[in-house]
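Q: In case you want the letters, here they are:
There are 2 protein chains.
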Amino acid sequence: MKNQLDSIKETLLMGPGPSCVYPDIYTALSKPTIGHLDPKFISIMDEIKDFLKQIMNTENSLTIPVSGTGSAGMETCFVNTIEPGDKVLILINGVFGMRMQDVAGRLGAEVDTVEFEWGTPAIPENVKEQLEKKDYNLVAVVHAETSTGVKNPVAEIGELVKDTKAFYLVDTVTSLGGIPVEVDAWNIDIMYSGTQKCLSCPPGLAPVSFSDRAVQKILDRKTKVPNWYLDLSMIVNYWEGSTRAYHHTAPINMLYGLYQALYCILDEGLESVFKRHQEAHLALVRSLDKLGIEMLVEPEFRLPMLNAVKIPDGVDEASVRKKLLEEHQIEIGAGLGPLAGKIWRIGVMGHTARVENIERFAKALAATL
Amino acid sequence: MKNQLDSIKETLLMGPGPSCVYPDIYTALSKPTIGHLDPKFISIMDEIKDFLKQIMNTENSLTIPVSGTGSAGMETCFVNTIEPGDKVLILINGVFGMRMQDVAGRLGAEVDTVEFEWGTPAIPENVKEQLEKKDYNLVAVVHAETSTGVKNPVAEIGELVKDTKAFYLVDTVTSLGGIPVEVDAWNIDIMYSGTQKCLSCPPGLAPVSFSDRAVQKILDRKTKVPNWYLDLSMIVNYWEGSTRAYHHTAPINMLYGLYQALYCILDEGLESVFKRHQEAHLALVRSLDKLGIEMLVEPEFRLPMLNAVKIPDGVDEASVRKKLLEEHQIEIGAGLGPLAGKIWRIGVMGHTARVENIERFAKALAATL
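Respectively, the protein sequence lines represent chains U and S.
For the first sequence, counting from 1, position 120 maps to 120 in the working numbering; every step adds exactly one.
For the second sequence, counting from 1, position 117 maps to 117 in the working numbering; every step adds exactly one.
One chain only, chain U, in its complex shape (with noise of 0.2 Å):
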């Protein structure tokens, strides 16, 4: 019986995630199974906890991974804070700002947009002037739309929500762990994360946050959470106290994975992880610019781990990165939505943020175009 995976070569991921995983990562899913309820394992879940809670800069003690990949933190974070007729305010300037639509639509929330172009940031002023116009539960933004390759000005809109009634919740899947993610400092009450972007591990689990308001918040519902596997109120039973009830079984090795992604951060430092990220991006640009590739974003608002970059004119953007993957084990992005056929999407996340990993995909590049 032939068994595909013998077959599975390493790749370099330069895509929208998965990015390149630590090889302590691979040894850390391959350790034995223990039970969830074990106490060596309620010990490694503390420890993640406060992990989690240095990588996003925050004391917030519901700070835990959800049992699902980044998507199903936002359905965490959603689900769990709103009820139907609840009024929310969705800043848009990509996929992943229409995600949130759709997320918090389905649960019956009034949902209001204020609509950005892509590959342009959110601007404050235009998301002040809604705030002025009606009262809102929650205002949510993205930190890093993967989509487009622009950083939100986070801190800026947070100051904003802070003056109003409303909750602010911020979808940090792609910048954690890859740009400064200030959870306290920024008012931020509700977050998200993933684990396959700048954290370097395989996708399949969600950092999540709420601030002790949000979780109030949660303890204050009217209505059950719609939401059984999801229900915070239950799971944080699992997660905190000194008896720990079973809610569903945690992802063990999983875990064991997450908690060596961040291990391998902290132990390397976040400040020395944010420069590596800052100068495997500008090494990119620099190397773009000599094939007369251009980013679609301005200098200012770039993300530095997730480069959109114009298709040059009478390139074939799919034979492009059908060669990069079949002939150079290299994979980048393709465009979303508007931005299909227009962009690529090259990322330089985690583990793959490297200058020797850029001067790799570089060569490649210029040998396939």
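Derived by calculation from the structure, the hints in this document are not laboratory data.
The calculated EDC-like cross-link candidates involving lysine to aspartate or glutamate, where the alpha carbons are at most 20 Å apart (straight line), are:
1) Lys2(S) with Asp267(U)
2) Lys9(U) with Glu47(S)
3) Lys133(U) with Asp112(U)
4) Lys40(U) with Asp6(S)
5) Lys322(U) with Asp38(S)
Being a predicted model, the structure only gives us computed values, none of them experimental.
Position chain S against the provided structure of chain U, taking the given hints into account.
A: Just chain S now, with coordinates in the frame of chain U:
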């Protein structure tokens, strides 16, 4: 910096799951991560679907693993097929029937239940009576009740449900891979399972299967599925068809693990795997009998993979479990709900289901009591 993963040791997992993992699965989990849209990965996904169909005995084309643990499978099955006001009948004789009731209620279903004594199976005659009283949209039952060790008569109940317009939903979390599960022959429309029981893979994925009739129900919904992450009408576009559309980033390495788990089972042969479970179960019952320990469930309704055993009088059950874990590296499970303190739950699942493991356990238990 101390790394807690360094001190993880192999444990003989004889609780209600996770079970011991096939060694080849650890190797699979640590294969290099590749992209979720890489053709090599798509090909692995296709074979996972094929493997699952063989193990479930179904031709259902919508047969895929959901990106969450077994309870996410339960959530997926209900949230996709129930709309507010739908009439649902749930058969309850343990914790997981109760969980179904909670899940369905949160989604706005009108839920009726037929309850049976914990430790005894659902009685088809009682189900028949209830089905004659009222028209239901959906009837749900747990095949292998993990909280009691009881096997419910899923085939017989399927015959009754077939004569109504209701969809038949079955939880096979603990049964799949340990005893026959005949999705098509038993008229099951909707089913879910988990990876950490008899599939012997770490927890993290939930195989599900939907009949064409159930898929049509999803397509005919009047309302959007109130759960973006688990909306099968979108997820199928990633798992099926010629253009695989990104929905959420699949948990790549966990899917390697599931591929390998299914590969191991099919390579050994389903019949031989079932026989191994039955032999290990009988060896366990004999060993317990020698120690004067009785089973909770009558022989006819006993599950081989989940053995509910009565705690002998005067024994401090928690301290026995603690000693087994600390001194013998063997995990067994406590009772849940009304059976807490009254039973132990001894798992004989997947790679654990070997007579030599039973012998090791019996010796350790004798030394501990």
